[in-house]
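Chemist: Here is how the chains run, residue by residue.
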Amino acid sequence: MTTDNPLVEPSADRVAPPAVLVVFGASGDLTSRKLMPAIEQLAVRRLLPAAFAVVGVARTEMDDDDFRERMRTTVEKMGGGGDEAKHVWDAFAGSGAFRYVAGDYADPSTYEQLKGVLDELDRDRGTGGNRLYYLATPPATFPVIAEHLGAEGLNTPRRDDAFVRVVIEKPFGHDQASAAELDEVVHRSFEESQVYRIDHYLGKETVQNVLALRFANAIFEPVWNRRYVDHVQVTVAESLGVGHRGSFYEQAGALRDIVQNHVMQVLALTMMEPPATFDPDAIRDEKVKALRAVTPFGRQDVVTDVVRGQYRAGWVEGEEVLSYRQEEGVHPHSLRETYVAMKLHVDNWRWAGVPFYVRTGKRLPKRVTEVAMTFKDVPHLPFASEQAEGLEPDALVLRIQPDEGITLRFGAKVPGQAFRVRSVSMDFFYGAAFLEEPPEAYERLLLDALVGDPTLFIRSDEVAQAWRICDPLLAAWEEDDVPLARYESGTWGPAEAHELLARDGRRWRRP
Amino acid sequence: MSVAARQARANVTTIGSWEGDDVSVSAVEAALSELRRHEQRAAVRTSVLTLVAVVPDDGAASAALDVVYDLGARHPSRTIVLVVEADDDSDDDSGGGAGEDGGEPGDRQHSGIDAAASVHVVEHGGRAVCFEDVVLRVRGTARHHLDSVIEPFAIPDLPLVVWLPARLPAPGDPLLAVADRIVVDSRAVAGAGGPGGERSSVLPRIQALARRLPVTDLSWTRLAPWRSLLAGLFEGPVYSPFLREIEEVEVVGNYGPRYLLGGWVSQRLRVPVTRVRLAPADHVSITVTAVHRHRTGVFKVARHGAERVIHSSIEIDGGPSVSQALRMRHQWPALALGDALTRMGRDEVYCEALEGALRLRAVA
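From first to last, the protein sequence lines are chains B and C. Quick note on numbering: our numbering labels position 104 of the first sequence as 142, and the sequence is numbered without any gaps. Quick note on numbering: our numbering labels position 130 of the second sequence as 121, and the sequence is numbered without any gaps.
So that you can see chain B by itself, here it is in the shape it has in the complex (with noise of 0.2 Å):
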């Protein structure tokens, strides 16, 4: 990962190795809006090194200088650095560090124009050959793209000491079979090692805080399991509505956009045993083994344990909201979910007969991501059960957005004559404990990547993992099996969801 270089302080934040970023879809929206951004932060946070250069390679018309001015216009629309990052181009502008290759991805010439600018780069710049490819562009275009680079041989680093690497964006597939393709077609270029799928929701710093909160501390690990916790609910809760994505939506609706990835992420780690170490794949490991441990859904469990969900107009934070059919993009009969509530176990020896259930919808009352576990009753309660109406059981809430923290919740003595007890929350705020301001999520990433740890990013077999858990209920939806519940924007979901938790004596939480 980091060379022996003593001047480099073991506590201090790591540099980025001089090295060459190829960003593909440099004229796209996640170009300008999250890794310009984080690339103009590194820069002004002195994580980037005075050898580095970006290459842009996209179809639109530009040069060097162009592409550079329009991304550093993008990034001051969106509130960049200011002061401190003038320089930061400038310095770029002086340098020849921003390059531009106009090109089609399919077209073998473009390969050929993108290597000798990195050769330049690496003769005039020292980059020594590091590269780091950033595929910014549609899925259809990942195998095209990872086909030319190992035609071209831009796939394996040309000396020992350096590094070639590849972050893919999601989705990774559209179920398990097209990721099993996509990952073999990858693969015929990059060995697994170089590859690094990048999901966003672990770049935050919350999410990453499971982990501290899990294995830093003697007092929660103890209760982690079955023999305390009744149940577990999952909620990625989002206000808005598709927006503008209402055709990218149509294709792949809630279950591929949220549950595949983000909630099975959230899951491995709430699920996941202690590592024995925190090395990259130390912590993978145990990821895919928890993952590996849930109950595939039979066809009968996709009708009785699975619920789907669509928007209709309502009320959304005081505003009146459009149904999902009336969107922008969107068929008027669409049958696509944008909510999906589900129950899941899983086999083994922390968590059976645990039920985990997820949530996840469009169009609910507030964006929030929370996980929650409901503990088990006491055995025995010496109370009245008029003393102990207001008590509910204890929960133990992870925040992760938009409050990140804690929260605690467990039953106190309600002050006065009589002895009544009602349940508390304590809680615990992220933002109001530390000194230290958080990085960005893609900026954390993209300084990983750079650097060499894998340990946020997604192995292929984490992946094959969730689209195994995800697969049957699309082949079940795809049949029409399952019928199709309806919910007013503004609501905690349909009806049926509900029901899911009725049935079992249990409610769903109000985050």
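Simulated from the structure, these hints should not be mistaken for lab results. Positions of the beta carbon are idealized from the N, C-alpha and C atoms, including for glycine. There's no promise every hint is true.
To be verified - So the derived list for chain C, only partly shown, Cβ under 10 Å to chain B, looks like this:
#, residue
1, F144
2, G227
3, V256
4, R284
5, H285
6, V300
7, R318
Following the hints, put chain C in place on chain B, whose structure we already have.
Modeler: What follows is chain C alone, placed relative to chain B:
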């Protein structure tokens, strides 16, 4: 800066304050608890540490609070500013407020505390986060027992950080017994106008202090950009081989910074002190000249003038040459202090730099 101006800048609202002259420590504690009862309903509090600043006068107290306010949402939960006037206050005592009614002999010996406590909230990510500060003016013999003054105010079971903006503690200072970490500024101490002999004793005194408890030297913290940029220049397959053969290191800057930076490089890279050249200058620059396969490389991190920009560059004979210019961030005092407060434990690299600085001084 006025309190109002300070607050406006940092987006801080004061939600309660209390003042009392010639009061007991327990009275101040009680007042603070009362203020906090209001705070608990108004804002979130998650405690991290207690910061104690020890300053000689009101001006310095105000300056210290400015720095803490500048930390904004990165403030410590509780700040105590101790205003401790120098010992030789043998002339009139009119400013003290004590003794005018009592009229007893030896009034100047009378220990007394004037206190002002306030509780504030700062907006952070849409949430109000709470912090408080207490300014205590300590008179008389109590000045020699400051540990007993601050103990009651320390947040239980959390680190207590003592910050001395412009001086070093005496070896017997009782504050050292209660501090978990001490924050000093070697440049401010060296530049405080003492005789030359005193300046040269700064680094050995800090070294002695650092053997006793973890020390943060804000002067060292301010050198972080030079250190990280220089380290970054030697990364990667093209540039890292140059680390194996260092020809010469040149550091220019103020007294403390140039010795510390020179000491750091010579220790970390095992460069003999005879190959390290130091020279005075207004701004810090470091140049490392190295050889690899008969090609000379010049690796440089420099701040040239008053403009807050740091240039870093590599020039290899007949080979690549790169450069980068970065703007230094504003609000240096707050930034350096904020950084110091996030670190716990002994800073081994700083201790090595001190060691190297003293070796350089021995040959100078």
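Chemist: Failing hints, ascending?
Modeler: 1, 4 and 5
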